[in-house]
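Undergrad: Sequence:
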Amino acid sequence: MYAHNLLATVVVVLICVSLNAKGENCIRDDRGLCIADCPPGTYSYNPSCTEQAMSQRTCRKPQARAIGVFCDYSRCDCAEPKVWDEAAKKCVLIQNCSDQSKITDNGDRV
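Residue numbers (mature numbering (1 follows the signal peptide of the UniProt record, and there is no 0)): -23 to -1, 1 to 87.
Incorrect hints may appear among the rest.
What the hints assert, rightly or not - In silico lysine-lysine, PhoX-like type, Cα no more than 20 Å apart, as pairs:
1) K38 with K66
2) K38 with K79
3) K67 with K38
4) K79 with K67
Hints in this document: simulated from the structure, not taken from any laboratory.
Put together the whole structure using the sequences plus the hints.
TA: Given below as structure tokens:
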């Protein structure tokens, strides 16, 4: 009976892994499952529980800085040299940033 339960568990895990193995460019939940694909031109940023997470580079704050240690943290980031344009909702070169004056500190439009 134990071997049967173990086999069933392994099969379920393999199915879940194969269904969530679309690629590395996705946002993951606390179980490591892919819950959303990253937009084109971005990559999945998943720091470990033992390293400092870095802030997202944006038009308003283009320099990444340490923001603390977070477990099960995932987001989509722009590949350098591009930064996230919070107003346009896409990755751009810093010189191509759109007007950021209507963006609040939490990234929402006013």
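Undergrad: Does each hint fit the structure? Answer for all of them.
TA: Taking the hints in turn, this is what the structure says about them:
For the proposed pair K38 and K66, the alpha carbon gap of about 15 Å is at most 20 Å, so the pair holds. For the hint linking K38 to K79, the alpha-carbon distance of about 15 Å falls within 20 Å, and the restraint holds. About 15 Å separates the Cα atoms of K67 and K38, which keeps this hinted pair within 20 Å; it holds. Annotation: proposed proximity of K79 to K67 holds, straight-line Cα distance about 16 Å (limit 20 Å).
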